[in-house]
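Chains as they are written, first to last, in the working numbering: chain L, 1 to 232; chain B, 1001 to 1232.
Mixed in with the good hints there might be a few duds.
One side only, chain L facing chain B, incomplete, derived with CB under 8 Å [claimed, not checked]:
| no. | residue |
| --- | --- |
| 1 | 64 |
| 2 | 65 |
| 3 | 69 |
| 4 | 82 |
| 5 | 162 |
| 6 | 172 |
| 7 | 173 |
| 8 | 194 |
| 9 | 196 |
| 10 | 198 |
| 11 | 199 |
| 12 | 202 |
| 13 | 205 |
| 14 | 207 |
| 15 | 221 |
No wet-lab data here; the hints were simulated from the structure. C-beta atoms are modelled at their ideal positions from N, C-alpha and C, and glycine is treated no differently.
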Amino acid sequence: MKRKSFYLAGVPLLLTTLLAGCFHANDTNTVVSYQVTVTNLSEAQPLSPVAVILHRSGYHTWKIGTAASDSLEQLAEGGIPAALLAEASAHTSVTATAADNAAIPPGASSSIIIQSPLHGDLALSLATMLVNTNDGFTGLDAEPLGTLSRQESRSILVAAYDAGTEANSETAATVPGPAAGGEGYNSARDDRNSVGGHPGVVSIDDGLGSSVLNASHRFDNPIARITITRLQ
Amino acid sequence: MQRLIRTLILTGSLAATPAMAQDLNITITNLTHATYFTPLLISAHPEGNHLFQLGVAATSNLQAMAEGGDISGLVTDTTTLGADNVENPAGGLLAPGNSTTFSLMTAIGNDHLSLTAMLLPTNDGFVGLDALKIPTSAGTYRYTLNSYDAGTEANDEIVNGGGTPGVPGIPADPGGIAGTGGTGVTATEANSVVHIHRGVIGDMDATSGISDLDSRVHRWLNPVAELVITVN
Chain L
1 MKRKSFYLAG VPLLLTTLLA GCFHANDTNT VVSYQVTVTN LSEAQPLSPV AVILHRSGYH
61 TWKIGTAASD SLEQLAEGGI PAALLAEASA HTSVTATAAD NAAIPPGASS SIIIQSPLHG
121 DLALSLATML VNTNDGFTGL DAEPLGTLSR QESRSILVAA YDAGTEANSE TAATVPGPAA
181 GGEGYNSARD DRNSVGGHPG VVSIDDGLGS SVLNASHRFD NPIARITITR LQ
Chain B
1001 MQRLIRTLIL TGSLAATPAM AQDLNITITN LTHATYFTPL LISAHPEGNH LFQLGVAATS
1061 NLQAMAEGGD ISGLVTDTTT LGADNVENPA GGLLAPGNST TFSLMTAIGN DHLSLTAMLL
1121 PTNDGFVGLD ALKIPTSAGT YRYTLNSYDA GTEANDEIVN GGGTPGVPGI PADPGGIAGT
1181 GGTGVTATEA NSVVHIHRGV IGDMDATSGI SDLDSRVHRW LNPVAELVIT VN
C-alpha cells in the first residue's frame, strides 16, 4: 500500500516537522499533522478501536438516509475497522488513514496522530462502534480542516448513529461487546437498511426481557468528544 | 423596462443595509429511527415572533400542528406577520433518514427562522426551531434540532386516529409498526407548557400492554433533525 498510516509515534511526527519546513511556499507540498483525541462520554459503552480517515471532498464514510457500506457494517456490528480503512485507502479522495490499536473504555481518552498533504478541502472522518449495541456507532463525517491553524484545536461533541443493518434486538447472541460476547458482523440485513440517529437502548431494566443490556448500558447524546489539534 | 431595472438596482442598494433580504438554501434531515415528520412549516419572520417558546403554553394553532400535523393555523399567523414561509416542502411526510431541500427568499426584516412539524407517532410531540437569527455571511451553517412536547395532550401512546386538538390518542403510525390494545401509559400531562419531549416508553406487546408503540423501534434520542442553511 502506498499510503501510510501513522499511529501514535514520535518518528512520523518528526518527519512531518521536517517536511513541512521544506515546503512552506506551496500548500500542495505542505504536510500537515493532526492529533485526534476521542473521549468516551458513556457509562458502559466501550468504543471500538477508532478508524480515522483524512480526505478531500468526494468521500463519505456514511450518509444519513443511505444504506451503510458493507465495510461500515463490519465496523458498526463487530467493531472491526480494517475493511473500512482498506476501502478508504483505495478511494481517490482519501489521503491518509489510521486506526487506534485498542478500544476506549468509558471515561477514557485515546489519541492518534495522522498526517497528510495539505489541501484546502481536507476533511476528517472518524468511526467507532458502541460495542454494547447491535450496530451503533459514532464519529465524524467529513469535518472540514481547512480553517484550522497550526497549534489550533477544535472539540466536537458527537451523537450516536445506527447503521440500520441489524435489528436492535439487544440479545446476548447479537451484541459483541463485554456485556454479552455475542456475534459481531453478520452480512444479513434485518433492519431498515439506512443510516440514521441511534434511538438508544431499552435494556432489561426498562422492560425488554430479552435484552442482555441493563440500565448502565443506556446512553444519551453526546456519546463522545472528538478533539482535533493541528500539530504542524 | 428601464424603470423596472432602475427599481431593481434601488432594491439592490437597499439590500446592503444590515437587515437585508437573503437568498437561502435549506436542507432538513429526519435523524430518527422510525418517527415521521408531518408537513413542515419553515418561516422567516421579524425578531420577537415565535411559533412556540419553551416554558410557554402552546397556542391553539401550535396545538393543532402538534396533535394532528395541521399547519394551516400557524401559516395564517405567520402570513399576518408578513413572514416568508415554505409550507410542506417534502410534499407530505418526511420519513426517517430522509431529507428535503428547498430555497427560501427572505424579505428585509424577516431575519429570524422558525420551523415546526409533528412527530408521528406521538401524541403531541414536534420537532422545532424557535427564532434562530439567520446568519448573514455567505456560507453553510449546520444545526441540530430537538424534540418538544406541546404540553397539550397526555402521552397515552394509544394509536386511535385522534389527531383533532383535545382528542386523546395518536393519529397514526405511518411506518405501520404500532400495535393495538394498549391500555394507555398515562392519562395526565403534568407539564402543560412547551417542554423538551421525554421520549416514548412503548412496550413489546403488539396487542396489549400499556402502549401501542414498540419500545425497540419508536424510541429516539435528541437531536431528531439536522438543519443545514446555505446563505447565498
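Results for each hint:
With 8 Å as the threshold, the beta carbon of residue 64/L comes within range of chain B, its nearest partner Cβ sitting at about 5 Å, so the hint holds. The criterion of a C-beta within 8 Å of any C-beta in chain B is met by residue 65/L, whose closest approach is roughly 4 Å, and the hint holds. The restraint placing residue 69/L at the interface with chain B is violated, with a minimum CB-CB distance near 15 Å, outside the 8 Å limit. The restraint placing residue 82/L at the interface with chain B is violated, with a minimum CB-CB distance near 27 Å, outside the 8 Å limit.
Using the Cβ-Cβ criterion of 8 Å, the hint placing residue 162/L at the interface with chain B is satisfied: the shortest such distance is roughly 6 Å. Proximity of residue 172/L to chain B is violated relative to the hint, the smallest CB-CB distance being about 15 Å (cut-off 8 Å). Interface hint at residue 173/L: violated, since its Cβ lies 16 Å from the closest Cβ of chain B, which is beyond the 8 Å cut-off. A least Cβ separation of about 4 Å between residue 194/L and chain B falls short of the 8 Å threshold, and the interface hint therefore holds.
A least Cβ separation of about 5 Å between residue 196/L and chain B falls short of the 8 Å threshold, and the interface hint therefore holds. Satisfaction of the interface hint for residue 198/L is found here, the shortest Cβ-Cβ separation to chain B being roughly 7 Å, below the 8 Å cut-off. The beta carbon of residue 199/L is positioned within 8 Å of a beta carbon in chain B (closest approach about 4 Å), and the interface hint is therefore held. Interface restraint check: residue 202/L against chain B, minimum CB-CB distance 5 Å, threshold 8 Å, status holds.
Among the interface hints, the one on residue 205/L is violated; its C-beta lies about 12 Å from the nearest C-beta in chain B, farther than the 8 Å criterion. This hint holds: residue 207/L has a C-beta 7 Å from the nearest C-beta of chain B, less than the 8 Å allowed. Taking 8 Å as the C-beta contact cut-off toward chain B, the hint placing residue 221/L at the interface holds, the least distance being around 5 Å.
Checked against the numbered hints above, the structure violates hints 3, 4, 6, 7, 13; every other hint is satisfied.
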